[in-house]
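All chains should be built: construct the whole structure from the sequences, respecting the hints.
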Amino acid sequence: MKSNFLLGMFIILTITTYFGGEYYGLQNIGFTFFFPLLFILALIQDKTSFNINNSEIFMYLMFLVLCLTGVFYNNINFTLLESTYFKILAAFMGAYIAIAFNKVKDYELYFHIGFIIAFLLLVLSEYLTGNFNLSNFYKPQGSRGVFLSNANYYSYMSFFANFSICSLHLKYKNRLTLIGLVFIPLLALAMSFATQSRSGLLFVLIINVAFWFWVNKDKKKHTLKRIVRQIFLFVMAAVFAYQFINYYTQSSIRSRISENDEGGREYLFIQGLNVFMEYPLTGVGAGNFVNFNKLGLFTHSSYPEALSEHGLFIGGIIIMVFILPFYKSLRLLRQFNTNEFVKLNFLFFATFLVFNNVYVFYKTSYAMMYFFLMISVYYKLVSNKNKLSNG
1 MKSNFLLGMF
11 IILTITTYFG
21 GEYYGLQNIG
31 FTFFFPLLFI
41 LALIQDKTSF
51 NINNSEIFMY
61 LMFLVLCLTG
71 VFYNNINFTL
81 LESTYFKILA
91 AFMGAYIAIA
101 FNKVKDYELY
111 FHIGFIIAFL
121 LLVLSEYLTG
131 NFNLSNFYKP
141 QGSRGVFLSN
151 ANYYSYMSFF
161 ANFSICSLHL
171 KYKNRLTLIG
181 LVFIPLLALA
191 MSFATQSRSG
201 LLFVLIINVA
211 FWFWVNKDKK
221 KHTLKRIVRQ
231 IFLFVMAAVF
241 AYQFINYYTQ
251 SSIRSRISEN
261 DEGGREYLFI
271 QGLNVFMEYP
281 LTGVGAGNFV
291 NFNKLGLFTH
301 SSYPEALSEH
311 GLFIGGIIIM
321 VFILPFYKSL
331 RLLRQFNTNE
341 FVKLNFLFFA
351 TFLVFNNVYV
361 FYKTSYAMMY
371 FFLMISVYYK
381 LVSNKNKLSN
391 G
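The sequence shown begins at 1 in our numbering and counts up one residue at a time.
Fair warning: there could be bad hints in the mix.
Derived CB-CB ranges, DEER-like [said to hold, decoys possible]:
{"hint": "1", "residue 1": "F232", "residue 2": "L176", "range": "18 to 28 Å"}
{"hint": "2", "residue 1": "K294", "residue 2": "F244", "range": "18 to 28 Å"}
{"hint": "3", "residue 1": "L388", "residue 2": "E278", "range": "45 to 55 Å"}
{"hint": "4", "residue 1": "G264", "residue 2": "S83", "range": "17 to 27 Å"}
{"hint": "5", "residue 1": "F232", "residue 2": "N136", "range": "22 to 32 Å"}
{"hint": "6", "residue 1": "R331", "residue 2": "N246", "range": "14 to 24 Å"}
Quick caveat, the hints were computed from the structure, so don't treat them as lab data.
Nothing here was measured: the structure is a model prediction, and the numbers come from that model.
Using N, Cα and C, we set each Cβ at its ideal position, and we do this for glycine too.
So, in structure tokens, the structure goes:
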């Protein structure tokens, strides 16, 4: 069924203000007004199809409810529990919004546009503050703390914006999406250099190499056009690789990649597993891992975070929320292994499964909204199996 244009525009407005509007003074109104209203509209939208495609969102809801068991733990820090719980609640709301709007009707386009615009607004805000420009983005910069948001947030949003422009190109394949396929990844790489984000640099490269050489392939076999396209891609890849290496050797991110991280994220990851081994059934309670490591930080990885704070059963539920769509998309890929939409859907779940090692995404509304958007895309692919082709 067709979507409502005005509702679609409101989805874009919510995403852009909430996730990309901090510099412009719009984030608070996006979070406190637009986002809750969109959640209410999602509930209304979903009233006739609540039991359709609900397995992952039901598991997430179960996790949300069971997180409250932490109030019964000994020595629990209730302030940390409360603040973390509301983060998970907001993340669940974002997830539900995405899945509810795309069960019966199709609002996928508006979500993709919203995430792309939000990313562009984030880049523009750093340009306007003087923290980013295209002439010396790769040169050594000052502290990563100068950026308006957490330096890694830009790489996380670029991850989703990259998948959005890929999705739009597969669906529409026009000049505008082709320009976006070139412009957005380059801008994302430039921001990764500027913010010294290792994950941003790595995953943007993985996504785009996989898209051009595996997902978006010319299905016409043994044609001159196909051969010319392959030669062109390899030439452009070689030129890009040469220029990338040139920028990389002069960049500040080079030393950050090569530095020893034993006292940082590696330590937090291992400590998260150690805490889990100490409290394997219950964990230490939502948000309370920070009291069990010398740095006073969270693990920066969804898996040890979930296990250390919630134990095997409750933490295992949220981990399964990430694993289940990957397994389902892999099974679909085996059936339709040349369909470009199926391949892109699998690529997202495969990379996001790994991407969860760089941040605790089940506590963030932007990530869970996008994750469940791609779950809704999977269900649409399954419901249209008769239209999928291996040809």
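Here is what the structure says about each hint:
1. F232 / L176: 18 to 28 Å: 21 Å, holds
2. K294 / F244: 18 to 28 Å: Given about 37 Å between the Cβ atoms, the range is violated.
3. L388 / E278: 45 to 55 Å: At 48 Å between Cβs, range holds.
4. G264 / S83: 17 to 27 Å: Given about 23 Å between the Cβ atoms, the range holds.
5. F232 / N136: 22 to 32 Å: 30 Å, holds
6. R331 / N246: 14 to 24 Å: 42 Å, violated
Consistency note: the structure conflicts with the earlier hints numbered 2 and 6.
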